[in-house]
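*Asks:* Model the placement of chain B on the given structure of chain A, informed by the hints.
Number of protein chains: 2
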Amino acid sequence: MADAVTPRDEDYSQWYQDVVRNGQLAENSPARGCMIIKPNGMALWENMRDQLDQMFKDTGHQNYYFPLFIPERYMEREAEHVEGFAKECAVVTHSRLTQDEEGDLVPDPESELGENYIVRPTSETIIWDTYSKWIQSYRDLPLLYNQWANVVRWEMRPRLFLRTAEFLWQEGHTAHATETEAVEEAERMLDVYTTFAEEYMAMPVLQGRKTESERFPGAVDTYCIEAMMQDGKALQAGTSHFLGQNFAKAFDCTFTNEDNEEEYVWATSWGVSTRLIGGLIMTHSDDQGLVLPPKLAPHQVVIVPLFFDDDQEGPVMETCERLQERLEDHGIRVKMDQNHTQSPGWRFSEHELRGVPLRLAIGPRDLENDNVEMARRDTQEKEVVPQDGIAERVSDTLDDIQHALHERAQDRQADNTRVVEDYDAFREVIGRGGFAWAHWDGTPETEARIQEETSATIRLIPFDREDHEEGEDMLTGEPSEGRVLFAQAY
Amino acid sequence: MADAVTPRDEDYSQWYQDVVRNGQLAENSPARGCMIIKPNGMALWENMRDQLDQMFKDTGHQNYYFPLFIPERYMEREAEHVEGFAKECAVVTHSRLTQDEEGDLVPDPESELGENYIVRPTSETIIWDTYSKWIQSYRDLPLLYNQWANVVRWEMRPRLFLRTAEFLWQEGHTAHATETEAVEEAERMLDVYTTFAEEYMAMPVLQGRKTESERFPGAVDTYCIEAMMQDGKALQAGTSHFLGQNFAKAFDCTFTNEDNEEEYVWATSWGVSTRLIGGLIMTHSDDQGLVLPPKLAPHQVVIVPLFFDDDQEGPVMETCERLQERLEDHGIRVKMDQNHTQSPGWRFSEHELRGVPLRLAIGPRDLENDNVEMARRDTQEKEVVPQDGIAERVSDTLDDIQHALHERAQDRQADNTRVVEDYDAFREVIGRGGFAWAHWDGTPETEARIQEETSATIRLIPFDREDHEEGEDMLTGEPSEGRVLFAQAY
Numbered sequence: 029m030a031d032a033v034t035p036r037d038e039d040y041s042q043w044y045q046d047v048v049r050n051g052q053l054a055e056n057s058p059a060r061g062c063m064i065i066k067p068n069g070m071a072l073w074e075n076m077r078d079q080l081d082q083m084f085k086d087t088g089h090q091n092y093y094f095p096l097f098i099p100e101r102y103m104e105r106e107a108e109h110v111e112g113f114a115k116e117c118a119v120v121t122h123s124r125l126t127q128d129e130e131g132d133l134v135p136d137p138e139s140e141l142g143e144n145y146i147v148r149p150t151s152e153t154i155i156w157d158t159y160s161k162w163i164q165s166y167r168d169l170p171l172l173y174n175q176w177a178n179v180v181r182w183e184m185r186p187r188l189f190l191r192t193a194e195f196l197w198q199e200g201h202t203a204h205a206t207e208t209e210a211v212e213e214a215e216r217m218l219d220v221y222t223t224f225a226e227e228y229m230a231m232p233v234l235q236g237r238k239t240e241s242e243r244f245p246g247a248v249d250t251y252c253i254e255a256m257m258q259d260g261k262a263l264q265a266g267t268s269h270f271l272g273q274n275f276a277k278a279f280d281c282t283f284t285n286e287d288n289e290e291e292y293v294w295a296t297s298w299g300v301s302t303r304l305i306g307g308l309i310m311t312h313s314d315d316q317g318l319v320l321p322p323k324l325a326p327h328q329v330v331i332v333p334l335f336f337d338d339d340q341e342g343p344v345m346e347t348c349e350r351l352q353e354r355l356e357d358h359g360i361r362v363k364m365d366q367n368h369t370q371s372p373g374w375r376f377s378e379h380e381l382r383g384v385p386l387r388l389a390i391g392p393r394d395l396e397n398d399n400v401e402m403a404r405r406d407t408q409e410k411e412v413v414p415q416d417g418i419a420e421r422v423s424d425t426l427d428d429i430q431h432a433l434h435e436r437a438q439d440r441q442a443d444n445t446r447v448v449e450d451y452d453a454f455r456e457v458i459g460r461g462g463f464a465w466a467h468w469d470g471t472p473e474t475e476a477r478i479q480e481e482t483s484a485t486i487r488l489i490p491f492d493r494e495d496h497e498e499g500e501d502m503l504t505g506e507p508s509e510g511r512v513l514f515a516q517a518y
Numbered sequence: 029m030a031d032a033v034t035p036r037d038e039d040y041s042q043w044y045q046d047v048v049r050n051g052q053l054a055e056n057s058p059a060r061g062c063m064i065i066k067p068n069g070m071a072l073w074e075n076m077r078d079q080l081d082q083m084f085k086d087t088g089h090q091n092y093y094f095p096l097f098i099p100e101r102y103m104e105r106e107a108e109h110v111e112g113f114a115k116e117c118a119v120v121t122h123s124r125l126t127q128d129e130e131g132d133l134v135p136d137p138e139s140e141l142g143e144n145y146i147v148r149p150t151s152e153t154i155i156w157d158t159y160s161k162w163i164q165s166y167r168d169l170p171l172l173y174n175q176w177a178n179v180v181r182w183e184m185r186p187r188l189f190l191r192t193a194e195f196l197w198q199e200g201h202t203a204h205a206t207e208t209e210a211v212e213e214a215e216r217m218l219d220v221y222t223t224f225a226e227e228y229m230a231m232p233v234l235q236g237r238k239t240e241s242e243r244f245p246g247a248v249d250t251y252c253i254e255a256m257m258q259d260g261k262a263l264q265a266g267t268s269h270f271l272g273q274n275f276a277k278a279f280d281c282t283f284t285n286e287d288n289e290e291e292y293v294w295a296t297s298w299g300v301s302t303r304l305i306g307g308l309i310m311t312h313s314d315d316q317g318l319v320l321p322p323k324l325a326p327h328q329v330v331i332v333p334l335f336f337d338d339d340q341e342g343p344v345m346e347t348c349e350r351l352q353e354r355l356e357d358h359g360i361r362v363k364m365d366q367n368h369t370q371s372p373g374w375r376f377s378e379h380e381l382r383g384v385p386l387r388l389a390i391g392p393r394d395l396e397n398d399n400v401e402m403a404r405r406d407t408q409e410k411e412v413v414p415q416d417g418i419a420e421r422v423s424d425t426l427d428d429i430q431h432a433l434h435e436r437a438q439d440r441q442a443d444n445t446r447v448v449e450d451y452d453a454f455r456e457v458i459g460r461g462g463f464a465w466a467h468w469d470g471t472p473e474t475e476a477r478i479q480e481e482t483s484a485t486i487r488l489i490p491f492d493r494e495d496h497e498e499g500e501d502m503l504t505g506e507p508s509e510g511r512v513l514f515a516q517a518y
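Protein chains in written order, with our numbering: chain A, 29 to 518; chain B, 29 to 518.
Only chain A is shown next, with the shape it has when bound in the complex:
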């Protein structure tokens, strides 16, 4: 039997680790801070990737692939960018190992590189250097491209999926002739992320822009989606950046516009990563382990054949295989449990820990009655249902689960979000874990002081700020142009 899952109430952080481990999603690796994504985790990521990829293609984007290595000097070109990433770069300095006098492997001194490479933490620099060659005229624009890749940002306190030195992600990099077009693109991709989070991950998110201190290094504006985890903390689930002409200027990327004038190109970049899996886990999972939304689950249904002697095996397996075929004909992803040597309890628990949304168990008695036992992972409800019409019923139930998960998360977010008027109320909300809408005077100083005192950061400034009333900063009493969202964050 797999290890037990520590209850959330007891130790939330241990619970998270237990869910990841028992869900067979990932584990730590011998390369510090890097994770091994296990088959169940990888199948989940592939489903997320394929869905997002389709949405990128539907909005006119194509994939390409840029190198893993970025010449060191490229990082110097955009001042804020180097400031933001220089402190967490893996640096490649040699191209060969050799054996030293004791026979140990060491970098061969003779292979020292003339110029060091950094392992990409993000690819704006090398991409904009190339765009400066690809773009001459307004006719070359827009460029609407994306890449799926691994990136490395050295992490001092790694946590599986949430913060790892290497992670998998996609990074979109687009080039435009006008500011308006670029802003629209950045907004469009934030909407794509929002749709994906809400409709596929069943994870409600809030949209907004970042304050200056939380902005992507090199961006003019960073748009984000933020989700509430079960402990009331926020997870930044995706960002879309309007980069202005910053990278175009840094890499001298100009184009001739329709009036035959030379202009710098306008840019966006946007990305989501395997971090989303951390968000998915902390949105839906429970004390029995992983809970996955049906639209993304590697297997949506597991069929568990139950028989207790050899005579029963044939008929039970036959029925199970027929059911599997009918479900698969409906486009449902089915796993057949073949663990016949284990007890039913062990097998049920195993599938629960792995987050399979729906379990169908079939034993000899079900055969007699043409029934099947159907159990929902999210509510743990069991129901005996007829085999007749099973595909439609399963399909409907999967839809129900998808909606129920979203609704539950939505309710939790609403329950733990407060509009606060003063700093005491604010500390109270933040202290027990939750989102607080509060007035802020707009200065980085106040923002920093609040973070120091409460560990809460400004997660976003809402886009529809004009709808919000003006007020006074809860801490300084200075004028505020509208409420912003505060929370502790992952």
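Watch out, some of these pointers could steer you wrong.
Below, a list of computed lysine-lysine pairs in the DSS-like style, where the Cα atoms sit at most 27 Å apart [unchecked claim]:
1) Lys-161(A) - Lys-363(B)
2) Lys-410(B) - Lys-363(B)
3) Lys-323(B) - Lys-85(A)
4) Lys-410(B) - Lys-363(A)
5) Lys-161(B) - Lys-85(B)
6) Lys-323(B) - Lys-85(B)
7) Lys-363(A) - Lys-161(B)
8) Lys-115(B) - Lys-85(A)
In silico negatives: residues of chain A with every beta carbon more than 10 Å from chain B [claimed, not checked]:
9) Arg-49
10) Glu-116
11) Arg-216
12) Glu-242
13) Asp-337
14) Arg-350
15) Gly-391
16) Asn-444
17) Asp-450
18) Tyr-518
Calculated from the structure, these hints are not laboratory results.
None of these values were measured; they are calculated from a predicted model.
Glycine residues also receive a C-beta, built at the ideal position from the N, C-alpha and C atoms.
*Replies:* Only chain B this time, still in chain A's reference frame:
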């Protein structure tokens, strides 16, 4: 208009570069030896990946993902492996950049790593270290896993797709309880590669095993598929390794067998890479540029609407869009050419250079006659065909092209392959570019001497060697157990 393509006869190597560039497949990057895979190249690779991935899943494999970084000391564990890869490793020695006195970015001396990491050139070491934790009992076996990843092997003389410092690939790593099972797995995956090469790439290949000197470092046996390029050279298109218990011993990976005895685990690994794209190009492309097999082409059909005044635009576009819909309903991948400002000749040439297998052009006159002009990329044949039944006709023609490409390549391979009896004939065949079946005495010394004198290497020892007659080495006159395949190789 795009640059012209240098004819093969004139300069084969320049021809290859021209095809890659004009086909918009890839270009060199500022990171030395690394390539930028452009959207047309990436779409091609994604089609190859998706097809292979399906074949891996159909043979029972699942994907996972291991870290990019491998601790230096892991490389020491398998003696031949370190020997084979130490000379081409990117070594990460620092985790941070800082500015020196002149303000230049340099690796921060304080961030020097206690243990260096190498960027994976292949992942046997870190994977077998992990397998030693995953595997306890015969019940845990087999493990049938694969990963899609980027790897780095420092290259002194890089060529796009064929030899790049970073490349994309898949690496399968399986673990088995018995030698027989592992050998069967290695053979099965070689067959998968063979099917993929022949049926999807339309690239005929020969199967066999490598000599000791060409074997994968750490393998007991390396199986390979070899294809003939248009210049008569060989390209190793995929390898599948029977690793014996070498990595299990190096990483102390044992299991308890059914008789309750402790045994080392048996292993295979197998991989293909973006190198296949180089093989695809050099198998089918011609002096007009890229030629792609329909099963893998990003777009199988391009529709080119032709109109010469505004009145014509509406009706022509309407017909084109209706055609597109009908083709897409048949599962055909269609591109609509929107380059209306360019001349028809420019547009036709552009699609030829990009290797789109079939072009449909529709102008005002075709509208009157309910016709469409269909042009095959491979034969350059044009034909006026009725719009009625176009989807079936296109579908059949794509099948024809797929088969014709394979047949042409097969014929070329046969025409340029010789059974040779003496060294003069051998030198003649190798000299003008071709495959030579010749007797070899089985020693690395003779193999090395032949390579030195002719640049030809033994590409493979055929599996069905018992069918081959015995003989005498063409060079030394020593006894030979059967002919082996020689060629110059990429």
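*Asks:* Now look at each hint and say whether the structure bears it out.
*Replies:* Now the hints, each set against the structure:
1. Lys-161(A) - Lys-363(B): holds (26 Å)
2. Lys-410(B) - Lys-363(B): holds (19 Å)
3. Lys-323(B) - Lys-85(A): holds (20 Å)
4. Lys-410(B) - Lys-363(A): Not satisfied, since the Cα-Cα distance of roughly 50 Å exceeds 27 Å.
5. Lys-161(B) - Lys-85(B): holds (24 Å)
6. Lys-323(B) - Lys-85(B): Given that 27 Å is the threshold and the Cα spacing comes to 19 Å, the pair holds.
7. Lys-363(A) - Lys-161(B): The hint holds at about 26 Å.
8. Lys-115(B) - Lys-85(A): violated (41 Å)
9. Arg-49: holds (13 Å)
10. Glu-116: violated (7 Å)
11. Arg-216: For Arg-216(A), whose nearest Cβ neighbour in chain B is about 19 Å away, the distance exceeds 10 Å, so it holds.
12. Glu-242: holds (22 Å)
13. Asp-337: Given that every Cβ of chain B is farther than 10 Å from that of Asp-337(A), nearest at about 22 Å, it holds.
14. Arg-350: holds (21 Å)
15. Gly-391: holds (24 Å)
16. Asn-444: About 34 Å separates Asn-444(A) from the closest Cβ of chain B, which puts it past 10 Å; holds.
17. Asp-450: holds (42 Å)
18. Tyr-518: Holds, because the least Cβ-Cβ distance between Tyr-518(A) and chain B comes to about 21 Å, which exceeds 10 Å.
In this structure, the hints that do not hold are numbers 4, 8 and 10, in rising order.
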